[in-house]
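Residues per chain, in single letters:
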Amino acid sequence: MLKTIYMFELKKLFFSKVNLITLVGAVMMLLFLAISSVAEDQSAFRETARELDGRIIDGQLFDEMKSALKYENGVALLQVKEGYEKYVPILNMIMPVSGDEIDFARFQGMGFYELRRQRISQRLEKQGLTEAEKAYWDSLEEKVQKPFVYHYHNGPANLLKSFQALGFFTLLLSAVGLSGVYAKETADNMNQLLLCSRYGKKKLYLIKYAAGMTWILAAAILVVLALLIPFGIMYGMDGAGEMLQLVKPLSMLPCTIGQMLAICLGIYLLAAVLFASITMLLSVTIQNSPAVTCSLLGYLLIDLFADVPNRFRLLQAVWSLRPNAILMNTGFVNYRLIRLVGKFFMNYQAAPVIYIAIAAAAFVIGLWQYKRLQVGK
Amino acid sequence: MELTADRLTKQYKNKIAVDRISFTLTNGVTGLIGANGAGKTTLMRLLSGILIPTSGTVTCDGMDVDTEEYRDILGYLPQEFGYYPEFSGRDFLLYMSAVKGLANPDAKRKTEELIELVGLKDAARKKVRTYSGGMKQRLGIAQALLNNPQVLIMDEPTAGLDPQERIRFRELISGLGRDRVVLLSTHIVSDLEHIADRLMVMKEGRLIWQGRWEAGKEDLEKFYISVISGDEKSC
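Heads up: the sequence lines are chains X and H, in that order.
Its first residue numbered 1, the first sequence is counted upward by one per residue in our numbering.
Its first residue numbered 1, the second sequence is counted upward by one per residue in our numbering.
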């Protein structure tokens, strides 16, 4: 019987026109995003990226590059000159460190890595990290192999860069798809029938919750595939085993792009669970589907545009734990740490535990609210 | 089977919707009549356990109404309720069977039986959104009967039914009332003629008359008007 109810609850979610339209819309937009990204990335650059495979990024390579760039007052300008295209993948990698104006004079020997270290130190200072936090990061930085060695990594790198968009889409899918899980039964006057039925109280809450989670996880996986498949076909997935710094040169995490992809995927799926559980809690509490959707879309806007200044240390630390902040590219170079039982944890280490705890709390509060539901109160 | 209300009261902010009502219903059909706003729907919700009383109790053979055991033997048809428009009539009944705890083979058998009983056999595969008001009401009646309830509470069950369907419904209810508690409310008193063994009359949240009713002995409509206007001694 419970399985039958579960199947019917899935049918309500998966055959709802609004849900289908939102899901198909999200998949189409991501496919478009992936295809347009591939189209922008000229095939010639992809070829040169493969030619550079295995090159050590050091003074010798920078000397070669100098001749391919135009200069003004000793500073390289990014203007096309013969042979320029060959070095685009390296330029893309060094520009987050050097800025748009590349001063190759500073890159002699290990100069590039000294500049990188300076930039990181500036950021650590700006974020107001303690000496202990800085020492923690230094210990990780020591494990990052230098000089970097270039390897082709366009496929996994593009996927990694797209995770931010995925987080927003998942929140949207949750806000639209799950806002009515409990609220719609009230709006449609179906609660009158359900709440006086044998399984209509506690068990129906649990089954609806399970169906809601199934919907959001299926939708979340589908939108990942909407990016993964075109990127995989166009770029291939080689390069996943290369160092993260090829994509995020200012990161001090000693891990590979593939490992970071796995971390992002895990956080992304947990974020989907978190969004779903909060949506369903709001659905059972507010009992008004459009109000739930609007509340979450309002949050989405705040999430997109609000930023907490560095001087509000605690608030910034909390704000930087939100799923989209971690999935955003800047999340990989956010140096804020969380100290717990004498140990430091990075955002992406602490966030899963926090998400699971919030989701569990939302589940329990929702159940309590559901049991108190009345008709015509 | 005895369904007992004891000093049942439901108060909203500034209004007492049900005011210290007490009664005991036994097997048979009881008609609940009263003008719109008299408190019939609130009383029925209290009896169905979907609304918590401000004070007083409802028990069924000693069982509290907020238990799985009571919900197991309860059939409830609300005055107005939505359906899942994307479900077929059959799917809707199968879903309600599962929520009512019927095992799969029983659910299928009972669903087909009730589809036949309420005359929806030809429309069972159609989406509920294509149903007329009368068809939806018949589907509602069918869902209330799925678990073979010992306590059947129906709020304005004849609303939306055409004259022929009304007659068929009355016959159905007369048969059902023999071995279970049936309470049905209406503001159309003629609906109760010939089928109600007992009557309860509500006015402004209070039960102003209750007792046995013998069909044919008196004109129900005239009797009701005399009760409402205060000519008949209140209970």
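In case anyone wonders, no lab produced these hints; they're calculated from the structure.
Some clues are possibly wrong.
Here are some chain H residues pointing at chain X (derived, C-beta under 10 angstroms) [said to hold, decoys possible]:
| hint | residue |
| --- | --- |
| 1 | Asp61 |
| 2 | Gly62 |
| 3 | Gly82 |
| 4 | Pro85 |
| 5 | Tyr131 |
| 6 | Met135 |
Even for Gly, the Cβ is constructed at its ideal location relative to N, Cα and C.
How the hints compare with the structure:
no.	hint	in the structure
1	Asp61	violated, 17 angstroms
2	Gly62	violated, 19 angstroms
3	Gly82	holds, 3 angstroms
4	Pro85	holds, 9 angstroms
5	Tyr131	violated, 15 angstroms
6	Met135	violated, 17 angstroms
Hints 1, 2, 5 and 6 from the list above are not met by this structure, while the remaining hints are.
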